[in-house]
Every structure is written in C-alpha cells, then in structure tokens.
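Starting from the known structure of chain F, arrange chains E, S and Z on it as the hints suggest.
Next come the chains, spelled out residue by residue.
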Amino acid sequence: MSVRVQSETFDPGAELNAFTAAVDGAGAVVSFTGVVRDVSGGLTAMEIEHYPGMTQSALAKIVDEATARWDLAGALVIHRYGVLTASENIMMVATASRHRVDAFQAAEFLMDYLKSRAPFWKKELTRQGEAWVAARDEDEDALKRW
Amino acid sequence: MSVRVQSETFDPGAELNAFTAAVDGAGAVVSFTGVVRDVSGGLTAMEIEHYPGMTQSALAKIVDEATARWDLAGALVIHRYGVLTASENIMMVATASRHRVDAFQAAEFLMDYLKSRAPFWKKELTRQGEAWVAARDEDEDALKRW
Amino acid sequence: MIDVMYFAWVRERIGEPKERIETDAATVMDLVEELRVRGERYAAAFADVSALRVAIDQELTEFDAPLAGAREVAFFPPMTGG
Amino acid sequence: MIDVMYFAWVRERIGEPKERIETDAATVMDLVEELRVRGERYAAAFADVSALRVAIDQELTEFDAPLAGAREVAFFPPMTGG
Numbered sequence: 000m001s002v003r004v005q006s007e008t009f010d011p012g013a014e015l016n017a018f019t020a021a022v023d024g025a026g027a028v029v030s031f032t033g034v035v036r037d038v039s040g041g042l043t044a045m046e047i048e049h050y051p052g053m054t055q056s057a058l059a060k061i062v063d064e065a066t067a068r069w070d071l072a073g074a075l076v077i078h079r080y081g082v083l084t085a086s087e088n089i090m091m092v093a094t095a096s097r098h099r100v101d102a103f104q105a106a107e108f109l110m111d112y113l114k115s116r117a118p119f120w121k122k123e124l125t126r127q128g129e130a131w132v133a134a135r136d137e138d139e140d141a142l143k144r145w
Numbered sequence: 000m001s002v003r004v005q006s007e008t009f010d011p012g013a014e015l016n017a018f019t020a021a022v023d024g025a026g027a028v029v030s031f032t033g034v035v036r037d038v039s040g041g042l043t044a045m046e047i048e049h050y051p052g053m054t055q056s057a058l059a060k061i062v063d064e065a066t067a068r069w070d071l072a073g074a075l076v077i078h079r080y081g082v083l084t085a086s087e088n089i090m091m092v093a094t095a096s097r098h099r100v101d102a103f104q105a106a107e108f109l110m111d112y113l114k115s116r117a118p119f120w121k122k123e124l125t126r127q128g129e130a131w132v133a134a135r136d137e138d139e140d141a142l143k144r145w
Numbered sequence: 000m001i002d003v004m005y006f007a008w009v010r011e012r013i014g015e016p017k018e019r020i021e022t023d024a025a026t027v028m029d030l031v032e033e034l035r036v037r038g039e040r041y042a043a044a045f046a047d048v049s050a051l052r053v054a055i056d057q058e059l060t061e062f063d064a065p066l067a068g069a070r071e072v073a074f075f076p077p078m079t080g081g
Numbered sequence: 000m001i002d003v004m005y006f007a008w009v010r011e012r013i014g015e016p017k018e019r020i021e022t023d024a025a026t027v028m029d030l031v032e033e034l035r036v037r038g039e040r041y042a043a044a045f046a047d048v049s050a051l052r053v054a055i056d057q058e059l060t061e062f063d064a065p066l067a068g069a070r071e072v073a074f075f076p077p078m079t080g081g
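Protein chains in written order, with numbering that gives the first Met the number 0: chain F, 0 to 145; chain E, 0 to 145; chain S, 0 to 81; chain Z, 0 to 81.
Chain F with its partners taken away, still in its complex shape (with noise of 0.2 Å):
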C-alpha cells in the first residue's frame, strides 16, 4: 500500500507498470487517472491548495479502509499539489486484486472518498479570473453507497 503527495509531476504509464509487477499474482489491476481538464476553454492554471499536516494520514486512512472491505494485493494513490496546467495528471489511484470486481469497487471506493475526505481545494485560473471549484452534492452523495 503506497500513498504519494507531492507537487511534482508524475508519469502514469511508468506507474501503472511499476505497480502491476509488484503485485505480482493479482490478476486483475484498475487504474484511474485524474487529468486536468479545461471545462470553460479558458483555463490557464489549476491550483491545489492541501493541509500538509492532514493530508498523508487522511489518505493512508482511506487507502486502509480499502484494504479492510477488499481482497487487495495492492494499492497507490498519487496526489499532486501546486500549479497545474491543463492536459496535466492530477492524480492516480491503482488497485490490485484477484477479482476484478473488488479491483473496481475498492478503486471506485478510494476515488469517491478522495473527491470528499482528502484535504485538497482545487482553484480554477481562467481569463476571467479565478474561482474555488465548488464541491458537488453528487460527490457528496457517491460516499453514501459504500
């Protein structure tokens, strides 16, 4: 289990790869990457802001409940903080399992939970000044399946 918060960039690909022979004997890996995308068409930056103090331990506590509600082999969680431009990855959970279906759920799992439970606040950078993304009642609600 691997959880990484850092501003620097990361390659998903080189990860996706990295994890998967570790997990040597898990038939089945999920990967999701988080993108940067540029919604308005007039994006210029991204900006993460996140509580140092908070976040590892926010992240490693999700990432252990996931472990406890799955058969997991393995899993990452990636999350970048900083200025971030669009096309760049924002962040990267993988999962590793021998049923592909707790490979998915545990990663859907940890996705949702990060959307609502890891102290990390996006800023939106446009032309047209800045905003805070606002959180969304549905991402709020996704936690209520689990």
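Rather than coming from a laboratory, the hints here were simulated on the basis of the structure.
All C-beta atoms, glycine included, are put in the ideal place defined by N, C-alpha and C.
Treat the hints with caution; some may be incorrect.
Listed next, the in silico DSS-like pairs over lysine-lysine satisfying Cα-Cα at most 27 Å (straight line) [said to hold, decoys possible]:
{"#": "1", "chain 1": "E", "residue 1": "Lys143", "chain 2": "S", "residue 2": "Lys17"}
{"#": "2", "chain 1": "E", "residue 1": "Lys60", "chain 2": "S", "residue 2": "Lys17"}
{"#": "3", "chain 1": "E", "residue 1": "Lys60", "chain 2": "E", "residue 2": "Lys143"}
{"#": "4", "chain 1": "F", "residue 1": "Lys122", "chain 2": "F", "residue 2": "Lys143"}
{"#": "5", "chain 1": "Z", "residue 1": "Lys17", "chain 2": "F", "residue 2": "Lys143"}
{"#": "6", "chain 1": "Z", "residue 1": "Lys17", "chain 2": "F", "residue 2": "Lys122"}
Pairwise CB distance ranges, derived in the manner of DEER restraints [unchecked claim]:
{"#": "7", "chain 1": "Z", "residue 1": "Met28", "chain 2": "F", "residue 2": "Glu139", "range": "17 to 25 Å"}
{"#": "8", "chain 1": "F", "residue 1": "Ala13", "chain 2": "Z", "residue 2": "Ala46", "range": "44 to 52 Å"}
{"#": "9", "chain 1": "E", "residue 1": "Gly41", "chain 2": "S", "residue 2": "Ile20", "range": "36 to 44 Å"}
{"#": "10", "chain 1": "E", "residue 1": "Arg135", "chain 2": "Z", "residue 2": "Glu18", "range": "56 to 64 Å"}
{"#": "11", "chain 1": "F", "residue 1": "Thr8", "chain 2": "Z", "residue 2": "Gly38", "range": "39 to 47 Å"}
{"#": "12", "chain 1": "S", "residue 1": "Arg35", "chain 2": "E", "residue 2": "Ala20", "range": "52 to 60 Å"}
{"#": "13", "chain 1": "E", "residue 1": "Arg135", "chain 2": "S", "residue 2": "Arg70", "range": "50 to 58 Å"}
{"#": "14", "chain 1": "S", "residue 1": "Val36", "chain 2": "E", "residue 2": "Val38", "range": "38 to 46 Å"}
{"#": "15", "chain 1": "E", "residue 1": "Leu142", "chain 2": "S", "residue 2": "Arg35", "range": "44 to 52 Å"}
{"#": "16", "chain 1": "E", "residue 1": "Gly40", "chain 2": "S", "residue 2": "Asp29", "range": "26 to 34 Å"}
Negatives, chain Z to chain F, calculated, CB over 12 Å [said to hold, decoys possible]:
{"#": "17", "residue": "Gly14"}
{"#": "18", "residue": "Arg19"}
{"#": "19", "residue": "Ala24"}
{"#": "20", "residue": "Ala67"}
{"#": "21", "residue": "Met78"}
Chains E, S and Z alone, transformed into the frame defined by chain F:
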C-alpha cells in the same frame, strides 16, 4: 474507439499514456489490465483460443454499446490470443470521460461483457495437465445489472 | 451446405475445428440432432446443449433459432474472455 | 493556546493561513462565535458554517465537537480532491 485483437504482448503503461494523450479534454481515465495469474502454483502456460471471424465484430459491438450508454471521450480494448505465461498481460480496457462515474461504469460494463460475450476461451496448462477454464455463474450474473 | 465450426473443448471432443455439412435442418437444435447421430464424439460434444453456446454467421443466438440462409454455425462452451 | 488554520477561500477571506489563539471555547462552535466578533473578515468567513468543514488535530469532526485538549483546529470549505 479502438479494438485490437492480437497475439503479441503489449505495454499497458505505454497504452494508457497514448490513450490519455489521444482523449485530450477528458478529466477521468480508467484502465483495467488482466494478467495471467498462477492460481494453482503449477501453471506453465495459458492458452487463449478465439473465433477470428467473430472476435473483432463482437468487441466492436460491445464498445459501441458502451459509447451509446455513457458519455465517453474514448474507449480502448486490447485482447490477446495464443500461448501466454504467468505474469503476462492478457487484455486491457481503457475508458475516458469528463465524469469519473461514466469512465468507471463503462470500464466495468466492457469487462463484464468481455468475460461472457466475447468469443475467447482460456485453457490452463499446469504440471498436472490441462483444463479449460470454466465460465463462472457470477460472471453471467454480472451482466444482469446493465 | 453450411460451415460448422467448433471451439475449445467442443472442438477437442469432435476432433475437428470446422467442417462443411449438407443439411436441411430448420433450426440449430435440428442440426444438433443430426450431428449427434454422426458418432460417439459428436454425441459426447452435444450431450448437454445447456453447456453450449451457438453463433450463426458470427452472431450469438439461441438453439431454437432458424437456420434458413445461414452460412456459418459455430458451437462452443460459455466464453471466458477478459 | 490553540493553532487555528484556514484553507482555500476561508484562508483568503481571513487573510491569514494560521494564527495562535487564546481561547476557553468549549466546542468548535463556541470558537467560531469568538472568531466571528473579531471583525468583518471573520464574520464573512464564518457567515454560514454549513458551508464549512472542520478538523481537530488533523481529523475531520463536527462543529459541536469539544475542544478540550485540542492543539490544532482547521477550518475549510468542502474538499475537492481527486
């Protein structure tokens, strides 16, 4: 949308990165990689047979169905046939969407249909002999939720 | 004339991947009945059709499907892709 | 003495990421009431606590949670990770 049926191996990390680059603008990318696992501890090879005339069209139909049901910026299916050894990649699915739920749901849908509706048959060759992998009731049941 | 194809253990039991068959069978099941009397290997392969799947012209179908116009029929066990 | 931290637009409204505060507040909400009267910027930041989240010693908690023994309290909007 891309479907590849091949005997050669492939690099899931390189495929993931190429896929993500090609679907620029999608914020969420999900991948699933299936790896040969040695369940019994005595696997010498896995042989995958397929129905060449039908495979490509069956996969394309499954991908079209996913594209119709979810808001996808892209979908990729790679599936191998032939003789594979432990730890080799069997297949890969990737989906991209503006919404993480769509990317996850479409990837799970593709996997569920690949398991039971794409004309592949796996045979495990072990030191004790060889045996066709039996279809599991739960894989058939998994289709009912879609 | 129709091309009949076999995959996985169906192919192994029958001993051939493919054959051309002269038939007037109206449905897939009628064709199965004709095949069953061809010999022990066929009888073994088709002993329990609930364990088999069938495709006509590369589309999955059911055993009561009509064969009219079919060029290729394939018999195989439940698929195990992914 | 307690460390009070602010993140995202809460930090921007208050104009500081962190401050040390002398307080006898029994609960988070009591602390919020004390902060609100510190000035307009605080009043603006804490106008609607239903729009805020709070952590005590780096664990998410509720506004009615007791502050006894707390070393660090953080206020921030709903998180938008992932």
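Discussion item. When the structure is checked against the list of hints, which entries are broken? Sort them ascending.
Written reply: 1, 5, 13, 15, 16, 21
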